[in-house]
Amino acid sequence: WLNELKNIPPAFMGEEGMDRPVRRFALACGLFSFASMVILFWTPLRDFILLNWIGVDSELAELSRIPLIIFSFFPLAVTPRAHLHGIGMAERRTSALALSAPARFLAHLGVMVLLLNSAWPGATKALLALFAGFCVEALVVWWGLNRGKVPQIRPELP
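If you read the sequence shown in this note's numbering, its first letter stands for residue 304, the second for the next number, and so on.
Honestly, the hints are just simulated from the structure, not real lab data. Please note that the accuracy of each hint is not assured.
Stated by the list, open to error - Across the chosen pairs, the derived CB separations fall in these ranges:
#	residue 1	residue 2	range
1	SER398	ILE369	32 to 40 Å
2	SER398	ARG323	23 to 31 Å
3	ARG450	PRO347	45 to 53 Å
4	PHE335	ALA401	28 to 36 Å
Every value quoted in this text rests on a predicted model; they were computed, and no experiment measured them. The beta carbon of each residue, even a glycine, is placed where N, CA and C say it ideally should be.
Model the full assembly from the supplied sequences, consistent with the hints where possible.
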C-alpha cells in the first residue's frame, strides 16, 4: 500500500500549500508501517503469528526471523521512493524516473553477486538485494529530480 503513495502528489498538484501536508502524510504512512512491522516482527508476536495463525513448523519460523526483521525496514525505502515517483509524475518529469528501474536491477544484481558465497540463507540474500534495490531507486529518482537545481541555503521569505 505504500507504493500507492505515488498517486497522492499528482492528485493535489494544483492546490496551493499542499506540498507539506502531502509530505507529512507520506511520512506518517511510512512510519506507521515501519512501527507496525517492528511490533509484529521484532517481538514474540512473530512466533505466535507464524506458529499459531499461519501454522508453520518451528524450524521454518526460526529461519524466518532474520528475513522478517530485514523486511520491516522496507517502508523506510519504499515510502520516499513512492513519494518521489509521485512528484516526478506530478511535475511531468518522467525522465527523472527513467534510470530508476535499471539502477534498481543493477543494485539487485550487485548485492546478489556480493553475497553469492555468504553463508546466509537465500531468503536473507534476496531481501537484502531487494532492499538495496529500493534504496538505490529512491536515490536515483531523487538525483533525477534535483539535478541542475541550485540548493537554497535559506528558503525565501514571503
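Numbers of unmet hints, in rising order: none
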